[in-house]
Structure formats: structure tokens, C-alpha cells
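Q: Just so you know, the protein sequences line up as chains A and B, in that order.
Using this note's numbering, the first residue of the first sequence is number 1, and each one after it goes up by one.
Using this note's numbering, the first residue of the second sequence is number 1001, and each one after it goes up by one.
One should not assume that every hint holds.
Claimed, not checked - In silico DSSO-like pairs for lysine-lysine, Cα to Cα no more than 27 Å straight-line:
#, chain 1, residue 1, chain 2, residue 2
1, A, Lys11, A, Lys57
2, B, Lys1052, B, Lys1003
3, B, Lys1003, A, Lys57
4, B, Lys1106, B, Lys1052
5, A, Lys57, B, Lys1103
6, B, Lys1003, B, Lys1106
7, A, Lys70, A, Lys11
8, B, Lys1052, B, Lys1069
9, B, Lys1103, A, Lys11
Unchecked claim - Pulled a few chain B residues facing chain A out of the computed Cβ check, cut under 10 Å:
#, residue
10, Tyr1046
11, Tyr1087
12, Gly1093
The hints are simulated quantities; they were obtained by calculation from the structure and are not laboratory data.
Don't be surprised by glycine CBs; every beta carbon is placed ideally from N, CA and C.
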Amino acid sequence: DAGITQSPRYKITETGRQVTLMCHQTWSHSYMFWYRQDLGHGLRLIYYSAAADITDKGEVPDGYVVSRSKTENFPLTLESATRSQTSVYFCASIRDRGDEQFFGPGTRLTVL
Amino acid sequence: DAKTTQPPSMDCAEGRAANLPCNHSTISGNEYVYWYRQIHSQGPQYIIHGLKNNETNEMASLIITEDRKSSTLILPHATLRDTAVYYCIVSLGGSQGNLIFGKGTKLSVKP
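Isolated chain B, as found in the complex:
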């Protein structure tokens, strides 16, 4: 079973920030939080990952709470092309960590 809990769906207006929450209360100290997304019918695409500190890259920001029991993925300026299913995954990381996908959050970006 997935070790994360995400809302099944969310809406966001185009151009606004999309904030996708994830609960992972049973995360262990050496596990990372990964985010992937899957645009309709395509293979999943890596977005970002983090251990303790907040992370930012060209796609998104990842905010992890101090107790590491939850995190938020932020897409700063959502576009229609960001409409996808977003998966929050807890994993040991890299080749040691097989990814266990839950059902994710279906994000719909609306004009």
C-alpha cells in the first residue's frame, strides 16, 4: 500500500499557484519525498524530491514540514498543460527505492 495520503482531486485557475498537499505520517528518517506527475496516457514524469529541506527547481517547489509528516508541492504559475495526476511517493530513493504509487491527486487547471 502507498504510504501517502493525497486528496483525489483539486482545481486551480490558470496563472495561479497550485498547492498540492500530501500526508506521510509514517515516513522514516532515511526516506525521501518524491513527486511525479502523469499527463493523460503518458508515462510518469519526475518533478522534484526532498529529504528534510525545502527544494525548488524549474518546475516546482517542495515544502516539507519540520516533523516531515506532510509536504506540499507548489506549482507557482499553473498552466493548462499542468493538468495531470500528481503522485506523492515516499521512497528510500534512487535505485534502492522502488516507487509505490498511490492514486494521486488529479489536478485540473482551468482557464
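Here chain A stands alone, though its shape is the one from the complex:
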């Protein structure tokens, strides 16, 4: 189906482990974003990407790594997970010159 998907939808991991959250979109949108949402807060931007092989830091990038080797995929890696990274993670995309960001369903990550 066309759209933006995230996997896994739920993940439990332990402190210090590496975790990769996947984001895939079928529209060939140029721009993709990763946000995190913590209880009682709005979404905060972690990283974004303007095109394949172009990425930039957002508001809260520390502890995260991204890559964008293909336009349709934008994985987010926690190299050494910490409890403070327990959150819901949303991926989004927007077409070039578009106005509307399309959000994925989210990944709920718990770090024990």
C-alpha cells in the first residue's frame, strides 16, 4: 500500500543496546523527518533529510544517528540506548514544495 510506514511498531530493549527504527515511504518525497514525543510534550525534531545522502540535525539529535542511502528509507539508530530515549518516535515526509507533512503511525520504544 502507498504511504509511510514504520517498523517495528513496538520495541522493548535494554540500556546500552543498539536499536534501529525503520521508516519507509512510497511517494518518493524528498524530505523526511524524525520526531520524538514524550508524555505531556509535543513532538520534537531529531533529524531531517532533504534528499538521499543529505541529513541535518534537529532540536534533539544527541544519541541518534540517521542515514539516507535511498530516497524511500530513513532509518534512525540509537547507538547505545538510554532510558531517557524511551519515547514514541514518528517519521514524516513532505514532497518538494509541498505544504503537508505526512506522518507515520509511530514506534513506541521502551528502554529498560
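Using the hints, position chain B against chain A.
A: Coordinates of chain B only, in the frame set by chain A:
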């Protein structure tokens, strides 16, 4: 920090119009006002956006004051499915404008 101020919560009766206010007194001339909503546990959903003029689409209307320091999102006939957190966001727009989400307004539509 978010550049907007919204009430934390509002109630609305089903079938009535829901009017959600937003203050953005520091908005600059090339920034748009965007509205998104987030239904429980789902990803945010775009509703509408505008620069200066009032806008209307199939979901809602956006009224922006002449000085652009505030705006109101209007859901003309609220349904129970409109219960959500509504975010008012000021942004340069499109791919140039990273969205900065505040805490939004929790709208509860009651039967």
C-alpha cells in the same frame, strides 16, 4: 520553544462548531500558520494552513486576524471523532519549515 500559545483544553458539544484559538504574536511576515491534530496514539494529521487570508477546506476553516498575531481554527460541525489534540504551528512552510510542536489544545467533543 513553540512560537504559539494555545489553551490546554476545550470542550465542545457534538454537532456544534468548535473554535480553537491560537496566539502567535511574534510571527514574521513569511511564516505560515499550520494546524495539525493528533488523535490518541496516532501520528499527527495535517488540517489546514494559511498565510494572511482566511482558508477553508473540507475539514476546517482558518481565520487569521489582520495583524496576523492570532488565528482561530473552526471545525463547523464537531463529531466525536474530532476529539484530539490540536496543534497550532508557525512555520516557514513546506520543506523549509521544520514543525515545532507545542503542547496543543486537547479538544473533547461530548455527546
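Q: For each hint, tell me whether it holds in the structure or not.
A: Here's how the hints hold up against the structure:
no.: 1; hint: A:Lys11 with A:Lys57; in the structure: 24 Å, holds
no.: 2; hint: B:Lys1052 with B:Lys1003; in the structure: 17 Å, holds
no.: 3; hint: B:Lys1003 with A:Lys57; in the structure: 20 Å, holds
no.: 4; hint: B:Lys1106 with B:Lys1052; in the structure: 25 Å, holds
no.: 5; hint: A:Lys57 with B:Lys1103; in the structure: 22 Å, holds
no.: 6; hint: B:Lys1003 with B:Lys1106; in the structure: 18 Å, holds
no.: 7; hint: A:Lys70 with A:Lys11; in the structure: 24 Å, holds
no.: 8; hint: B:Lys1052 with B:Lys1069; in the structure: 10 Å, holds
no.: 9; hint: B:Lys1103 with A:Lys11; in the structure: 25 Å, holds
no.: 10; hint: Tyr1046; in the structure: 4 Å, holds
no.: 11; hint: Tyr1087; in the structure: 6 Å, holds
no.: 12; hint: Gly1093; in the structure: 6 Å, holds
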